[in-house]
Amino acid sequence: MANFTPLTAAIGGALIGLAAALLMLLTGRVAGISGILGGCLAPGSTDKEWRLAFLIGMILAPLSATLVGYNLIKPQMPSSFVVIGVAGLLVGFGSRLGGGCTSGHGICGVARLSPRSITATAVFMATAILAVGFTRHILGG
Amino acid sequence: MLLLVNSACGFIFGWGLLISGMVKPEKVLDFLDIFGIWDPSLGVVMAAALAVSSAGFWFAAHRQPPPAPQPGSTKRSIDGPLVVGSALFGVGWGLVGLCPGPAIVNLATLSPQVIVFVVAVGGGMALHNAWQRRQLPEPSKSVPTAMDG
Numbered sequence: 000m001a002n003f004t005p006l007t008a009a010i011g012g013a014l015i016g017l018a019a020a021l022l023m024l025l026t027g028r029v030a031g032i033s034g035i036l037g038g039c040l041a042p043g044s045t046d047k048e049w050r051l052a053f054l055i056g057m058i059l060a061p062l063s064a065t066l067v068g069y070n071l072i073k074p075q076m077p078s079s080f081v082v083i084g085v086a087g088l089l090v091g092f093g094s095r096l097g098g099g100c101t102s103g104h105g106i107c108g109v110a111r112l113s114p115r116s117i118t119a120t121a122v123f124m125a126t127a128i129l130a131v132g133f134t135r136h137i138l139g140g
Numbered sequence: 000m001l002l003l004v005n006s007a008c009g010f011i012f013g014w015g016l017l018i019s020g021m022v023k024p025e026k027v028l029d030f031l032d033i034f035g036i037w038d039p040s041l042g043v044v045m046a047a048a049l050a051v052s053s054a055g056f057w058f059a060a061h062r063q064p065p066p067a068p069q070p071g072s073t074k075r076s077i078d079g080p081l082v083v084g085s086a087l088f089g090v091g092w093g094l095v096g097l098c099p100g101p102a103i104v105n106l107a108t109l110s111p112q113v114i115v116f117v118v119a120v121g122g123g124m125a126l127h128n129a130w131q132r133r134q135l136p137e138p139s140k141s142v143p144t145a146m147d148g
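Heads up: the protein sequence lines correspond to chains Y and R, in order. FYI, numbering that gives the first Met the number 0 numbers position 17 of the first sequence as 16, with every residue one higher than the one before it. FYI, numbering that gives the first Met the number 0 numbers position 47 of the second sequence as 46, with every residue one higher than the one before it.
In case anyone wonders, no lab produced these hints; they're calculated from the structure. Honestly, I wouldn't trust all of these hints.
[Claimed, not checked] Covered stretches of chain R, as calculated for chain Y (at least 3 residues, CB under 8 angstroms):
no.	segment
1	3 to 16
2	19 to 32
3	38 to 52
4	77 to 84
5	88 to 95
6	114 to 124
All values reported here derive from a predicted model rather than from experimental measurement. By construction, the Cβ of each residue, glycine as well, lies at the ideal position given by its N, Cα and C atoms.
The following block holds chain R by itself, in its conformation from the complex (with noise of 0.2 angstroms):
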């Protein structure tokens, strides 16, 4: 029943990047290009996001009795990592104007571009939590699966 739960999350979260047009590449980049014919859609989207979703945090935060706390909303601090992992992020994204999202979404239609990215993302995970594990100590060899989002 949860797992159908999370389906349906994902099955809306699929509708809003298809009807926002955010599946489509160049609708992204034209956001991006503030030095070409600048399309401001993301921008909306992402208004119109965080008006519903911060409106849902707010009531999973303030009800009763308190959620449990979730692993990886726990680290508070800016640091290293944080700024060169969304820097190298940005510059990926920029390239193409896909990020994980859209490109699960536009697997649907087999195109070999986006199977080619989506993979070459799985690869820099997988090459990440390689590089992680040789940094941790060897008592903990466990890599977190998600520290923010």
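Chain Y on its own, in the form it takes in the complex (with noise of 0.2 angstroms):
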């Protein structure tokens, strides 16, 4: 556990809480990013601009920090283009069929104890841990 960061770990989850708490409070909505981006791409929907709105914002999350000196680093990623676009069209259509990803489901369900998150933030940490598992440690990656 000596890559284990607790202290900044629970600063920046409390924001990620206070985000999601505001966005219920001030708008009534559920703060999860692939419902919100899902909503910006669907033709027809009528509701575009808040959602454009909230993920501008997060965008200048990361360029205002440059401001207050953070580096702004590409991150590791998987050198193969195609395990990359394989990863991403699971996460778009899966999201998209459970209703939910790590912020609809894993945070504001689990803090409204709603059934169906606690069910699907448990099946998807158990297929990470199991795809993980497979890539790290089967293939040796």
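Using the hints, put the two standalone chains together into the complex.
Okay, structure coming up:
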């Protein structure tokens, strides 16, 4: 557990929770990123503006952080674009079919003690653990 | 004005992902890697987020007048699509260590890998919408944009 960063994890997590709570309290909406993104892309949806506003706010966070000395580092990703593409398709399709992702189910839904969200979170945690176990320990990537 | 509120919420959410380190795929994968050198950080992020958001949601549910019922929080049963969709989502998440939130924040780095990932996520969502339209009877061609979150 040498890589454990409890303090920044707690501060960052509290901010994520604060953002979800404020969005619910001030606009009555659920801060599920896959839902917000999906609604932006769905043809014929009539409420794209607030979704875009939320997503732009998210992208502005790292840009504003550079003003206080944060380095915008490209994240470590698999070298294969095929793997990245397949993973993206699974994340997009799966989150829409399952009705949410780590934020919508994992935070907002679990906070409401929704049985659907608790189930979804348990399932995606389990398959993600299996996927990581497979790629890191069986394929040895 | 309301748009500004939404942007501010997105901004705070983005800072949370940044400070917590969850924008780094390797940190997410180290949490999911229970067979390796386990990093519990993501668990702390979720616990802290849940503590704050559940307090906020409690206030939202108990204030007067009660908030208008939200689209999407109506579905109650645990069904096949919920389980299959979440299972597929988890596999994709575990393959690269990015879920939609951190992927959006990482767009700011202009990493080609992140851009490809986000485009593929959009493609997967479009694929789902097209598939669901084929399943629905003729009169209701609109796809619900958010069921739970």
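Earlier hints that do not hold, by number: Hints that this structure does not satisfy do not exist here, as all of them hold.
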